[in-house]
Amino acid sequence: MAPDRRAFDDEIRGHIAISVKERIERGEDPEAARLAAMKEFGNLLLTEESMQAVWRPRWVERALAFGQDIRVAMRSLQHARGLAATVALMLALGIGANAAVFSVVRQVLFRPLVNRDADRLVYVRQGAPGLGSKNTTFSMAEIRDLRAASTKLGAFGDFSTLDFTLVGFGEPRVVKAGVVSGSYFEVMGLKPVLGRLIGPADDGPKALPVAVLTHRFWSTALQRDASVIGKKVRLGSRVATVVGVLEPSLPYPADTELIANVIASPHHLGATMVEERTHRMTELFGRLAPGATVEEARAELEAAHAAMMRQHPEAYPASARTTLVVRPFSDQVTAPARKVLLMLLAAAGVVFAIACSNVANLILARTVRRESELSVRAALGAGRGALRRMLLAESLVLCGAGAFLGVLLAQPLVGLVSRFAARFSVRALDVAVDPSLLWVGTGLALVAAVALAYVPRLPSSHATASPRPAVAGLRITPGTGRRLQAFAVAQIALSFVLLCAAGILLAALVEMQHARTGYDLRQVLAVDVPLPIEAFGRKAVDFYEEATRRVEALPGVQRVAVSNFVPWRDAGIMGPGFRFTAEGYDKVAGEEDPHGRLRIVSPGFFAVLGVPLLAGRDFDADDRADHEAVVIVSESVARRLFPNGNALDHSLWWTDPYFGKPKPRRIVGIVADVDDENVVPGPALTIYHPLRQLPYGGRLFVHASTDPYALVAPVTKIIREMNADQPVERAATLADVRATVLAPERLNAFVLSGFAAVALLIAVVGVAGVLAFSVSARTREFGVRLALGSSRAQVVRQVLVEGAVIATVGIAAGSALGGALGRVAGPNHPEVRLLDWSLFGAAVVLMAAAVVASLWPAARASRVDVVQALRSE
Amino acid sequence: MAEIPEDRRLELLQGTLDMLILRTLQWGPQHGHGIGQAIRTQSDDLLRVETGSLYPALHRLEKRGWLKAEWGVSEANQKAKFYRLTPAGKAQLAREQDRWSLLVEAIGRVMKVAPAGEE
Chain A
16 MAPDRRAFDD EIRGHIAISV KERIERGEDP EAARLAAMKE FGNLLLTEES MQAVWRPRWV
76 ERALAFGQDI RVAMRSLQHA RGLAATVALM LALGIGANAA VFSVVRQVLF RPLVNRDADR
136 LVYVRQGAPG LGSKNTTFSM AEIRDLRAAS TKLGAFGDFS TLDFTLVGFG EPRVVKAGVV
196 SGSYFEVMGL KPVLGRLIGP ADDGPKALPV AVLTHRFWST ALQRDASVIG KKVRLGSRVA
256 TVVGVLEPSL PYPADTELIA NVIASPHHLG ATMVEERTHR MTELFGRLAP GATVEEARAE
316 LEAAHAAMMR QHPEAYPASA RTTLVVRPFS DQVTAPARKV LLMLLAAAGV VFAIACSNVA
376 NLILARTVRR ESELSVRAAL GAGRGALRRM LLAESLVLCG AGAFLGVLLA QPLVGLVSRF
436 AARFSVRALD VAVDPSLLWV GTGLALVAAV ALAYVPRLPS SHATASPRPA VAGLRITPGT
496 GRRLQAFAVA QIALSFVLLC AAGILLAALV EMQHARTGYD LRQVLAVDVP LPIEAFGRKA
556 VDFYEEATRR VEALPGVQRV AVSNFVPWRD AGIMGPGFRF TAEGYDKVAG EEDPHGRLRI
616 VSPGFFAVLG VPLLAGRDFD ADDRADHEAV VIVSESVARR LFPNGNALDH SLWWTDPYFG
676 KPKPRRIVGI VADVDDENVV PGPALTIYHP LRQLPYGGRL FVHASTDPYA LVAPVTKIIR
736 EMNADQPVER AATLADVRAT VLAPERLNAF VLSGFAAVAL LIAVVGVAGV LAFSVSARTR
796 EFGVRLALGS SRAQVVRQVL VEGAVIATVG IAAGSALGGA LGRVAGPNHP EVRLLDWSLF
856 GAAVVLMAAA VVASLWPAAR ASRVDVVQAL RSE
Chain B
382 MAEIPEDRRL ELLQGTLDML ILRTLQWGPQ HGHGIGQAIR TQSDDLLRVE TGSLYPALHR
442 LEKRGWLKAE WGVSEANQKA KFYRLTPAGK AQLAREQDRW SLLVEAIGRV MKVAPAGEE
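One line per chain: the protein sequences are A and B, in this order. If you count by the working numbering, then the first sequence holds residues 16 to 888, one letter each, in order. If you count by the working numbering, then the second sequence holds residues 382 to 500, one letter each, in order.
Hints are not guaranteed to be accurate.
Calculated lysine-lysine pairs in the DSSO-like style (CA-CA distance at most 30 Å, straight line) [to be verified]:
hint, chain 1, residue 1, chain 2, residue 2
1, B, K460, B, K471
2, A, K554, A, K602
3, B, K444, A, K54
4, B, K460, A, K36
Hints are computed from structural coordinates only; laboratory data are not their basis.
When you get a sec, could you build the whole thing from the sequences and use the hints?
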């Protein structure tokens, strides 16, 4: 401020000089005149001090004024603590939900992949919608054909998902693994963080088995132990050397823990894997050749695929409706999540809108109550700008508090939402709380603050000319009343839509949870005791039979059985099933053979799981490899293939090429249908083989007479005694297996119900607020009514009716909106069939909520003191 | 402060100094000392504006655009800063005058009402 300062010194010197001259002219002594002028001027330092405030630059002044506004706002809000807390809380809910969802959306949908030139990467998918399989993956034979025909894809990478028994890192366990050829990592464009990845040198029969660990496995199971490089571990029957750790990235599929080369998997060297066209277990990735586009690659591969299907019609039945999809890799990773996340974002947006409209309502009501205060301020010279600024400061304080709480709230929510989103995109697994929370929160708060500051109308400017103190109290203009009601109706309508959506999910969940499964869920413990593929055969049968005997000897164990499939948990591992037919079954011309589920069970399996045997007998020890081939079928098989009810003792056989030459097997028993693939049971064509004739188990079922979990330790001990390297994992009762499978559905319903509950809560507060305001504005009217002989009950009824009218209009608007959304989403969501139920439920809930919300204002209206009310004006 | 006010001298009501300054400048440009003197003589020596309040007020009004300041030479041939009313300042003066007369009237009415029971 130096120039100001110097100019001011000049000005003061001038002032004193003029003063002295005047005094001298009046005849004072020059020296006395000087002293008098100085004295008159007063304390120069104090003057300069007050000048400093004037010389402050404009922004400092504004900032100070704003700080002052904020202080005033805080003081004024202290008198309305209840309102301030409600508003801040509602904004916190709205802002928190949005910040959390947005943060997840941003990271899942918009964060770039770590893969080099990820936009050149494509995913090739084969699907068989006719068999209900969106992704059948490929067989090696198919990959060879596609590879040979392609010029637009410069390089292919393949990945087969396979479980290995891993011995060498702590307890023996089954790891989720992938087997890749040497081109895989190069095509995917990934780098190691430690050691090296698998390359072309690791291909071929002469190569040594090697394994690469994924970053997730290395950091969670091995605590980032750098000494793992070079370590030899047992993978199934082979010994492989750990050569590297992959950078944090999306190994495909997401839960992969270890990736090995082809030589590490004897299965991959077998004739079935190499030759069999329908032995599909491999996923295919490609990198576009320079200059090629995804469209060109798609056209080329689709043509090659069509030619392949013509050449090998036996591998592509017409009913399977086999298709080929070529899409950018990033789409493959995020596509399923996109819709869900955008829906979530919309739900969060609706909550925010409801919260804002409600806050607007409360603030509007408060402003009307403050009309007298505002007109006094206007009369005292506060301009419209100043009043606006005051309101803005208040709403900024409120929204700031809301944003602060909201961001706090958002942090745990991010975890919840990303767990939810992880169902749809593996990218959501590593979503972290990031700064976007802060700026989204701040942004939303600013939007809300500005919007809220402009909601109330200011006293008109002519108020300045007539500073009549507004002693009349509340006077509600029709416009304000309508605006309040419109906000309340909008809240009800939006909450209604959310309630409906939540209702649909809840109804679906309830349906699933209460579906009858046909199993004895509580007392059956399922344990994974997998043998390596190579252990197939007599030795496997002996192993499981001895395990069965020894576990059955444990106290508290009723019976033990072996199977190859844990209901629900193993859903999908056997693919869409295999084709079969039966003796005397005449199919309609052109019809395909039915697909059946193949299950392998030991004698006693049905008794252990509580599945009733309807006819015939269970398997027994005589159903051996060298005896007659027998099967037990589910009721649906018997009904469908033997309409005359004579299934017993007739034969059926698999016709799928996978089984080679058809071999008839006699049906010795019929059991009740159980659907072990779907949590909502449907009819299931299931064919059970005896373990001794198809020696492949892997799952132990223990029927306990006491607490099943008490048996986990002794069972593990028995099996480790038999083989110290044998994994014994994932022990759980069938009830818990089912609960785990349902967890995502529960989470789904939970998240949306959460949104709906918040919306409902806000809407209830909103309706109550509007009515309370309307009641207090009409104190006089109620007083007159009561004085004229209205009963208090009539007054109460009037207020309740007013609440019900708001709710009804809101519900009507909401069902129009919800119905429209339902029809739009309808075709893709089977759950929409539950719409009617949830519409009704949501309407009942909202109506009840509206009535409850009206009770308190109604009670107040009925307590109006007649004399007081009449005197109030 | 510098001077102890004599018995009959009045403290300025808060917010009225700006109005007085604007009013004084209605007769033409004037420097700080002149403004102080004018208020003093026009109020028959009842109001004395201290320079410690006068100059901050002048600079504030200038900043708001109601006054414009120029260096000039006084009658006494002394270099001084002269303040002049801008059109915005004139409008502001009119507003303040209105407000002032209303306030006087309102306060006057209140003070004139005889307390009940004294009639």
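Hints, one by one, checked against the model:
no., hint, in the structure
1, K460/B to K471/B, "holds, 26 Å"
2, K554/A to K602/A, "violated, 40 Å"
3, K444/B to K54/A, "holds, 28 Å"
4, K460/B to K36/A, "holds, 13 Å"
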